[in-house]
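As a plain string of letters, each chain reads:
Number of protein chains: 2
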Amino acid sequence: MFVLKPACFFLILVSFAVGQGSEPLTYLWPLPAQFTSGDGALSVDPALTLSVAGNGGSSAILRAAFDRYRRIVFSHAGYGFAFIRKLREQLPLLSVAQYDVVSLNVTVHSDDEELQLGVDESYTLVVPKSGESSQVTIEANTVYGSLRGLETFSQLCSFDYTTKTVKIYKAPWSIQDKPRFAFRGLMLDTSRHYYPINVIKQIIEAMSYAKLNVLHWHIIDEESFPLEVPTYPKLWKGSYTKWERYTVEDAYEIVNQKAEKGINVMPEVDVPGHAESWGAGYPDLWPSPSCREPLDVSKAYTFDVISGILTDMRKIFPFELFHLGGDEVHTGTTDTSYCWTSTPHVKEWLQNQNMTAKDAYQYFVLKAQEIAVSKNWTPVNWEETFNTFASKLHPETIVHNWWGPGVCPKVVAKGFRCIFSNQGVWYLDHLDVPWDVVYTAEPLEGIHTASEQELVIGGEVCMWGETADTSNVQQTIWPRAAAAAGRACLADAKLFNILATSLVHWIKGEKQAGLAQLLHGSRFPEPPRIHNTERLWSQRDSTTPQNVTLTALPRLQNFRCLLNKRGVPAAPVTNFYARRAPVGPGSCYDQ
Amino acid sequence: MFVLKPACFFLILVSFAVGQGSEPLTYLWPLPAQFTSGDGALSVDPALTLSVAGNGGSSAILRAAFDRYRRIVFSHAGYGFAFIRKLREQLPLLSVAQYDVVSLNVTVHSDDEELQLGVDESYTLVVPKSGESSQVTIEANTVYGSLRGLETFSQLCSFDYTTKTVKIYKAPWSIQDKPRFAFRGLMLDTSRHYYPINVIKQIIEAMSYAKLNVLHWHIIDEESFPLEVPTYPKLWKGSYTKWERYTVEDAYEIVNQKAEKGINVMPEVDVPGHAESWGAGYPDLWPSPSCREPLDVSKAYTFDVISGILTDMRKIFPFELFHLGGDEVHTGTTDTSYCWTSTPHVKEWLQNQNMTAKDAYQYFVLKAQEIAVSKNWTPVNWEETFNTFASKLHPETIVHNWWGPGVCPKVVAKGFRCIFSNQGVWYLDHLDVPWDVVYTAEPLEGIHTASEQELVIGGEVCMWGETADTSNVQQTIWPRAAAAAGRACLADAKLFNILATSLVHWIKGEKQAGLAQLLHGSRFPEPPRIHNTERLWSQRDSTTPQNVTLTALPRLQNFRCLLNKRGVPAAPVTNFYARRAPVGPGSCYDQ
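The listed protein sequences derive, respectively, from chains R and U.
Its first residue numbered 1480, the first sequence is counted upward by one per residue in the working numbering.
Its first residue numbered 1480, the second sequence is counted upward by one per residue in the working numbering.
These aren't lab readings, by the way, just hints derived from the structure by calculation.
Check the hints yourself; a few may be wrong.
Identical copies go unnamed one by one, so any copy, or any two together, can satisfy a pair.
[As the list claims (entries may be wrong)] List of simulated lysine-lysine pairs, DSS-like, C-alpha gap at most 27 angstroms:
{"#": "1", "residue 1": "K1643", "residue 2": "K1794"}
{"#": "2", "residue 1": "K1643", "residue 2": "K1716"}
{"#": "3", "residue 1": "K1778", "residue 2": "K1657"}
{"#": "4", "residue 1": "K1837", "residue 2": "K1826"}
{"#": "5", "residue 1": "K1680", "residue 2": "K1893"}
{"#": "6", "residue 1": "K1643", "residue 2": "K1721"}
My request is simple: use the sequences and hints to build the entire structure.
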């Protein structure tokens, strides 16, 4: 058995010494925190059964997830397998074939299914040695940890086209896993383009494959207001058409589907800017019909509407975080969209209150925060609020970085929590950002003390919707969102040098010399020093970006093909621009 | 009640006088052959039941289709509706609300479920007048006709966001429908890029929405050989990787899923060119390792392999048509890929047989035709075979046009059947072909006698896969493939003038004058003369291409949004290049 902890070294070997031609790949994305594997191969019974234990073992979420993953794992087997499975279920004594793995035992210790920030998502997964047991085991503290374990299990299973059975290679496996960050987000913008419920469900499903766990739903913006708000029923008059809307029931369905996948929904109501569409139903919210943003700060009515929206939304969204936006508010005096000082009644109000426009911006954001907090929400705001009046923000505020690097260090230095979304690396609509730039971005960059690092709750990739509609949103998200979700661990410089030298030998055809290098590497006298800091799910790497071509690229290409097989239209990994078509014929694994 | 037959006039009115702002759209794609509609609105019970009649009423295909369409029709209603449905099913006496339509009665006269070219796909669909009946009826001769009727029914149903019920507007409806052509195809190329089974299933599903009925599966080409052939098990060594393959069971599953949707699968084995990948497993099929195409004509072994492939495929594919390719065979003496005369043993064989390379091309194609015919298949060949040796082709040959216009007229003049796929208009990988050019292409162009017109069995849009992988194949197919599938009927010049004049009034804000024109139009003293020639599904139009912007574009945009809602990533209709992202924020219905 080949043991390394964390075991990147092994994966590098698989990728180069074995390659795609001879043996199936067993690539995990994102990499588990710790794992060992062997060199056996186990067949998996298509009639795989679930047995459960622990206080949370009887969870309906777990049962549904097992059924879902069984369909995924045995999907390619197709007709024949469905037939065998049916036959086996009807005739339990009929052993059509002998399989090594016949059941999956899942232990869930807690029956608490509340899904909140920081819920325990850890799990252990054990695949036995051939002949030792016919059972794969997953053990988790919560049902959400078991979901993560099931995803990893599904990635261990490969369809063997020769025997037409599902196999687990490199058995036995022992995996101890937990996420690096509690908040692993994807933002979806349903205002610039409306995405039908079916499409949002497809995206949720794919998020669970990448072990992302927060959908930041940027529901409303200037362009359209698609959500039903029962208290203010004219608000969704701001939708593009009557057929591009989300009912309260739709929103419930999204929240519930996410819970089934262990994914929280953080809704956003972006105020006071980015809100022009509100006025389609209630024009009084605009400073004037000709000057529509930011929302009219001078009227109590404006805050009544915000309060009404948040009251209605509180019934739908159980997650403790609520995003209040607060970005790009035009308060500069030379700004043409500067409505507050150019609209007479607002201007007068400002004078009466002895406020500048900038003061009013602060006043508005803080008042919105008060409303959110009164409804038991933790407010999240875009970084402009912090950059402009940090000391005034509610102390529980989570600051959402987007403009550039270096913001989270300032945020945590002042004791606030931070979400990392530096647009130069994690805005998915920036099509010129290649996968490796997404991959090597580091949320803890520039933050050196453990106590400050803990204030970075995670990161989020943002899918702004200006040029992404139903036809191309998923290929803009995938595979790059997964690059942020999963981070490889890389061995230190010494180990890396051994590998690189060996690789050069192999490429030159100097097989013996290459092997000698690898054997030297595997006999490494002491455990290789791995920088064990962390990233979104996996461990933080400690090497230069170039190295990811060896350690991460083959795995990400494999994950992209896995998404494709599961019906997700993830784009080629290495295209010059994201979501661009492949340049010519070729394998999914190479493009 | 507003009656017009065919009723394009009505649809034009809806599109411009009503627009998207006030009433829901009821747009059908493709347009039925004949229909009338009214001005009522009926609510549809989410617990809609199916009642059946006729010899074919108990069909499992029908039951499955009903369940599928019920999910589609009530999808947006989401959680609340599922809940109501469950409640109603458990408590049949509990009437949560009164609905106008509570059941769908489907009569299928024949229990013959054989799916072949020319199967009867006609149906009638009647939606009652409010209060007259609570039953919508579909009547068809075959179960496949009932499937087409169910699709039309689903397009009549709209979700009303105000009452949160599904409604049928413009009731009563009376629809008599049948396809114009028996063969309405989409070609998929799984050699240049491998599409996972899940993706092919998504494409099949969407084909049924557009009432396309033949998947031409271009399985194998130069680049890869993904299909399992049990008799020659090394053939799929020519796949890109071990994980980009179709097992026999996969192929069965595709055929079966298609049958459930009323879609035939026409497989293609393209010989003797486009076959380099065959030699990965059996290098003897190449003239030489350095000169690999066309397949070695001199060996009996080559034809043994073809015969073996066709024997295996016959067990999978029940459709009577089999495509033998035969395109782009390089026989010119100056052609660098001209392997037959440059490879010594083939050259010698040609001399012994007293054959030129062109003779050998004919010999090869005819021998392949013999093999296919011996297995009870009707051979289909690309047009080069006809262009080169028409008189020698098997008399049952169906010639598949692709090079350009004017081929089908020559083909039918010689008594052969023809499939229209002129690359200038119906190659979907030609991204610069806009929707209206696809839409206005006419398979019967230049064919004037009824007997010759009957020999054009239909047309096919071709999705060559060089730059289309899983990430972008569906947006390259849709919505343009639907443009070929559906053709609007257009009123004659007089009617058109009335509409255009009215429209100009409306645009200028001259509402009264515009209305007067429309009223004049609706009081048209005699039924407007419609040129009742035909296209792929719908009636052939008789006006100039410019007019489609009025009659077809809003309906196609609506159909694109319908595809999006059903989870199909159909691209914006009017983008300069197909599958290009939208240029900015906006509604699905406008982009």
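To see whether the hints hold, each was checked on the structure:
no. : hint             : verdict
1   : K1643 with K1794 : between (49 angstroms within a copy, 19 angstroms between copies)
2   : K1643 with K1716 : between (54 angstroms within a copy, 15 angstroms between copies)
3   : K1778 with K1657 : neither (48 angstroms within a copy, 61 angstroms between copies)
4   : K1837 with K1826 : within (13 angstroms within a copy, 86 angstroms between copies)
5   : K1680 with K1893 : neither (38 angstroms within a copy, 53 angstroms between copies)
6   : K1643 with K1721 : between (49 angstroms within a copy, 12 angstroms between copies)
Checked against the numbered hints above, the structure breaks hints 3 and 5 and satisfies the rest.
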